[in-house]
Amino acid sequence: MKDINRTHRLTRAIIVFILIIVVGFITLKPPKFEYGLSENEMLKELQNPDNTVLPEQMKQMLSSGGKQYLLVDLRNPYDFSRGHLENAINIPVSEILSEDGFSFFEESEKNSVNVILYGKNQLEANGPWMFLRQLGFNNVQVLAGGYDFFHQLEPGKADYIHKPNYIVEEPVMNFSEFIDQSTSENIKSVTEQVKPENVIPIKREKKSGTAGGC
Amino acid sequence: MSRTYILLTIVAILGAAVLVFLPEKKNQKELDPEKLLMEINNSSRYLSTDLVAHRLIEKDPSILLVDVRPAAQYGEYALPGAINIPLEQVLLIDNEGYLNRNDLEIVLYSNGDLWADQAWILCARRGYKNLYVLKGGLNHWFESIMQPKSPSPGSPSQDFDMYSFRLAASQYFGGGANIETNTENSTENVIIKRREKKSVTAGGC
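Residue numbers (the numbering used here), protein chains in the order written: chain A, 20 to 233; chain B, 4 to 208.
No wet-lab data here; the hints were simulated from the structure. Ideal Cβ positions, reconstructed from N, Cα and C, are used throughout, including at glycine. Treat the hints loosely; a few may be bogus.
[Unchecked claim] A few chain A residues facing chain B, derived, Cβ under 10 Å: (1) GLU58; (2) GLY84; (3) MET192; (4) THR202.
[As the list claims (entries may be wrong)] Output of the computed footprint for chain A on chain B, the stretches with three or more beta carbons under 8 Å from beta carbons of chain A: (5) 58-70; (6) 100-111; (7) 114-120; (8) 144-152.
[Stated by the list, open to error] Taking lysine-lysine and the BS3-like style, the derived pairs with C-alpha atoms no more than 30 Å apart in a straight line are: (9) LYS51/A / LYS32/B; (10) LYS139/A / LYS62/B; (11) LYS38/B / LYS51/A; (12) LYS38/B / LYS139/A; (13) LYS48/A / LYS38/B.
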C-alpha cells in the first residue's frame, strides 16, 4: 500500500514537472527583433560603396523626380520642422523600433523601395543605418555628409567639388609632416633663445656616520 | 518500483534529446537589437578632444587609445601611446583582449569619427563595455588641439582658459602653436640648494 502511494506521488510530480516545461515552451515568445546579418557580414558591408548616396547623386535624384526611393529624416521633430529634404519622412532614431517606424521599414522592404537615411551629419545616420542593415534590411542606404552638408549645396553656397568635406575620413592635412615641421621649428627656436641653465647642485655633506635605523 | 525508475530514465533521455535538437544559439553575449539601438542613440560614447588631451597629458593610466585606421596611416602618424587595430580586424578574437576590458577605457579614433563609430557599433553588438569614440577624430584633434584658434576678445573667460590649455597641449603633443610667446621666460637661473642637515641622524624608529 505504501509503495503504491509513493509511485503515485512520483508520477504526479513528474507529470506536473513536464506540464510546467510544456507550458513554458508554449508561452515562450520568440524575440521581437532579430539580427538578419552577422557581425562579419556587417563588417563587409561597411566596405561596400553602394551603401552611401553621395550628395551630388542625391541632388540629381531629387531633381529628376523619379520616385524609386524614400527619404527618411532621422533628426528630432524640431529640426525636421525647421527644414528637411523634399518628401522626407521624419523618423527620429529612438522611433525606429516603434510600431509605426518599424512597419514603415518592413513595408518598404516588401515593396523593394530604397530607403535613404540622413541625419544632421553622416555620423548621426551611420548608427541607425548599421542597425537597420544588421536587422536584415537590404534596401537601406545612407546620405553621405548628412543634412547640414546637403543644405549648403544650394547653388552658390558651397563649392562641393573642390571641397569634399563630407568625406569625413579624409585627413585634413598630412599629420606627420605637420608634426615634423612644428617640431623642427620648435628645436630651432629653442636653440636660438634658450641659454643654458645654471643648475648648481649642492651636495649634502656627510658629517658623521649615520647610526643606522633599526 | 522499477517501473518508476524506467519512467524517470525515459523522461531524462527525452529531455536530453530535446536539448540536442534545440536550435543553436549563436552568441549568448550578443546584445538585444532593442538595447543596441538605445546604445547607438546614446551620445555619451563621444569624448571631446580636449578631454582626451587632458587625460593623456596627465598620463592617466586608465585610458587606452586604439587607432582603427589602416596600418599604413597608423605608421605615418598616431596619437601617443595608441595601438593599431584596423577596422577590418576589430572583430578578430585576438583583439578581444584589447577591446573588451573592465580596467581600461578604450578610446577609438580615426581620421574623422565615422570609422571609429562603426567599430564602436560592431563592438557594442558584442556587448563590449568601456568603449568610447574620439569626437571629430584626428581631423578635429589637429584643428582644436594642435592649431588652436585664439578666441575673439569678447568671448567668455572659459574660452580663454580652454585656449591656453590647448596652447600648452599643442606644445606637449609636438605641435607648433605660438612658440615665441612661451620661450621668452626660459633664461632663469635655477639654483637648487639643498638644506643641510646639522645633526647626526639617530636613526629611525
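Cross-check of the supplied hints:
Taking 10 Å as the C-beta cut-off, the interface hint given for GLU58/A holds, the closest approach to chain B being about 6 Å. About 31 Å separates the beta-carbon of GLY84/A from the nearest beta-carbon of chain B, more than 10 Å, and the hint is not met. With 10 Å as the threshold, the beta carbon of MET192/A comes within range of chain B, its nearest partner Cβ sitting at about 6 Å, so the hint holds. For the restraint placing THR202/A at the interface with chain B, the shortest Cβ-Cβ distance is roughly 5 Å, inside the 10 Å limit, so the hint holds.
Look at the region 58-70 of chain B against chain A: 0 of its residues bring a Cβ nearer than 8 Å to a Cβ of that chain, fewer than three, so the hint is violated. Counting residues of the region 100-111 of chain B whose CB lies closer than 8 Å to any CB of chain A gives 0, which falls below the minimum of 3, so the coverage claim is violated. For a cut-off of 8 Å, the count of residues in the region 114-120 of chain B with a CB near a CB of chain A stands at 6, and the three-residue condition holds. With a cut-off of 8 Å between beta carbons, the region 144-152 of chain B has 3 residues touching chain A; three or more are needed, and the interface restraint holds.
Proximity of LYS51/A to LYS32/B is assessed by CA-CA distance (about 17 Å); at most 30 Å being required, the pair is judged to hold. Annotation: proposed proximity of LYS139/A to LYS62/B is violated, straight-line Cα distance about 35 Å (limit 30 Å). Between LYS38/B and LYS51/A, the direct Cα distance comes to roughly 12 Å. Compliance with the 30 Å bound is thereby established for this hinted pair. Straight-line distance between C-alpha atoms of LYS38/B and LYS139/A comes to about 23 Å, which keeps the hinted pair within the 30 Å bound.
A distance of roughly 18 Å separates the Cα atoms of LYS48/A and LYS38/B; the hinted pair therefore holds under the 30 Å criterion.
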